[in-house]
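Generate the whole structure from the sequences, applying the supplied hints.
Numbering (numbering that gives the first Met the number 0), first residue to last: 0 to 253.
Source of the hints: derived by calculation from the structure; they are not laboratory data.
Among the hints, a few may not be true.
What follows is a list of derived Cβ distance ranges for each label pair [claimed, not checked]:
id	residue 1	residue 2	range
1	Tyr-173	Thr-197	42 to 52 Å
2	Thr-198	Asp-61	23 to 33 Å
3	Thr-183	Ser-224	17 to 27 Å
4	Glu-233	Asp-61	20 to 30 Å
Quick caveat, the model's predicted, so the values are computed rather than measured.
Glycine residues also receive a C-beta, built at the ideal position from the N, C-alpha and C atoms.
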Amino acid sequence: MHNPLLAGLALAFVLLLGSCRTDPAVPPTNNSGPEQVLKITVRPTWNGAPFDKTTIHAAAGDQRIKVTELKFYLAPLELTSGDETRQLFDADLFNVTDGPLYRTISVPVGTYQGVKLGLGLPYELNHRDLATIPPNAPTGNNSGMYWEWATMYKFVIFSGRFDSDPGGTGEPPYTFDIHTGLDTCYRTREIPFDLHVTTTDTARLTINVDIARFFTDGNQVLDLSQGAIWHGMEDINIALKVADLQVAALSIEP
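See the structure below:
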């Protein structure tokens with residue numbers, strides 16, 4: 000005889016056993032893939048030749064130029080692959096007065112088609128609370144790049160001596176000291192560049208900073224006799240011109 004009560008109890012027991020079963024754990028998936036070292040060089044040049052801070056150069060506008068300091072933020076630095084980007088760092092500080100600087104970063108193996116970079120600091124970094132940043136970090140208090148009066152950062156320190164007489168001799172007689180900054184001077188660029196990162200060899204990327212091009216892009220000229228000092232409170236047009244010229248002076252090669 001069929002007993003509905005016993006049948007119901009049996010079904011409940013089967014369901015209980017099913018609910019208590021433990022499925023095998025699924026191992027985590029590692030999507031990071033193999034990586035390789037990328038060596039980054041940031042190299043100052045003058046018309047493509049190695050830069051020397053003791054040299055007096057002939058610059059656009061019939062100027063004699065001696066650069067004594069060049070220090071700047073790159074923020075960020077990214078590689079592009081199709082619609083994807085790979086950030087190498089969010090901000091770093093480079094003082095290339097004495098020559099090239101180097102960084103090594105691990106990146107995923109693959110093919111990249113371009114480099115995105117910013118000269119200066121984007122808004123969110125430019126307005127961070129200095130007290131929350133380690134002093135020796137690139138944007139820390141020991142960087143020498145913070146404007147207390149503006150509670151923001153200098154983006155580029157570009158200093159030296161100049162002469163508007165191309166026939167002059169000896170040390171140029173006049174000082175220039177241009178510190179771009181404020182949010183209006185932040186500049187970005189995307190530069191096409193084929194980079195193949197393999198498992199078998201260190202990858203290389205060089206950012207050239209052609210200081211001669213700080214004075215002209217082939218159209219406009221930075222004439223220091225018309226303004227050689229900018230510390231954030233002078234005519235903003237000088238700083239905007241300098242920011243445009245400086246970011247255009249960056250190029251990429253292996």
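Results of checking the hints against the structure:
Between Tyr-173 and Thr-197 the beta carbons are some 51 Å apart, a value that agrees with the proposed interval 42 to 52 Å. For Thr-198 and Asp-61, the Cβ-Cβ distance of about 53 Å falls outside the hinted range of 23 to 33 Å, so the restraint is violated. Between Thr-183 and Ser-224, the C-beta spacing of about 24 Å keeps the proposed range 17 to 27 Å intact. Remark: the range hint 20 to 30 Å for Glu-233 to Asp-61 is upheld by a beta-carbon distance near 23 Å.
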